[in-house]
Amino acid sequence: IFCMEEQIQDEVQKLLELIERVYAAFDLGFQVKLSTRPEKKLGDDDLWDQAEGALTSALEGAGMSFEIKEGDGAFYGPKIDFDVLDALGRDFQCATIQLDFQLPQRFELSYIGADNQEHTPVVIHRAIYGSFERFIGILIEHYAGAFPVWMAPESVRVMTVSEKSLAYGQEVLSTLKAAGVKATGDFGDEKIGRKIRDCHGFKVPYMAIIGEKEMENQTVSIRSRDEGDLGSIDLGDFSQRVLRESRPPLGKE
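The sequence shown runs 1 to 253 under our numbering.
Because the hints were derived from the structure by calculation, they are not lab data.
The C-beta atom is built at its ideal place from N, Cα and C for all residues, glycine as well.
Any given hint might turn out to be false.
Claimed, not checked - Have a look at the derived ranges for each label pair, beta carbon to beta carbon: (1) ARG247 to GLU171: 23 to 29 Å; (2) LYS14 to GLY113: 18 to 24 Å; (3) ILE233 to GLN7: 50 to 56 Å.
With these hints in hand, go ahead and build the complete structure from the sequences.
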């Protein structure tokens with residue numbers, strides 16, 4: 001983000017709010033650390049005082065508690081790091097916000113300010129997830145593979161009791177997919193108990209079990225990974241439930 005010096009606090013506070021929203025959606029707690037100037041650094045102390053002061057003001061303005069890590073900043077500027085806490089309380093450094101006064105100077109960047117004079121902008125480097133692959137690994141361990149519906153790669157698995165309900169099972173699968181539900185089908189010859197065990201092993205949020213009774217009533221028998229047996233449900237009502245739960249809980253837009 002390229003911005004004016006007087007925009008730093010506002011821009012950093014917006015990023016702090018974004019990081020809070022994202023981590024709240026994943027149900028991840030975090031600790032905040034402000035890293036200050038290292039021994040080997042670019043720029044004079046006045047510039048570093050200004051940069052560290054701007055990040056401190058942004059954190060205080062956002063009402064965030066934070067720890068100061070003396071000398072742990074990047075050589076070009078101070079930074080705010082977020083250590084994410086997983087379900088076991090382990091911490092992993094993920095998000096970061098870094099202030100950089102050096103890059104614009106070295107590339108001789110400028111803009112015309114309200115006074116009609118040239119000024120040097122400031123760069124804010126930011127990463128919301130950190131290493132994306134590591135973040136996915138953290139999520140897998142945090143949820144122990146039992147992802148919420150909005151995050152699960154497979155929301156519903158449709159399974160038939162016997163060949164007699166195959167046609168209706170395929171119809172249910174097609175209807176769910178057409179509605180936008182991430183659904184798959186298990187229409188093999190295995191017994192329904194085996195299909196249910198396999199589905200439990202994959203930690204799929206919902207099982208839609210299709211037998212002759214469901215075929216006759218044009219319903220679906222639903223088992224929830226988290227709530228157990230939900231009984232027979234109208235297919236349209238079930239689709240709407242899954243779609244509601246498929247929306248990422250990111251709060252305000």
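Evaluation of the provided hints:
no.	hint	result
1	ARG247 to GLU171: 23 to 29 Å	holds, 26 Å
2	LYS14 to GLY113: 18 to 24 Å	holds, 21 Å
3	ILE233 to GLN7: 50 to 56 Å	holds, 52 Å
When the structure is compared with the earlier hints, no violation turns up for any of them.
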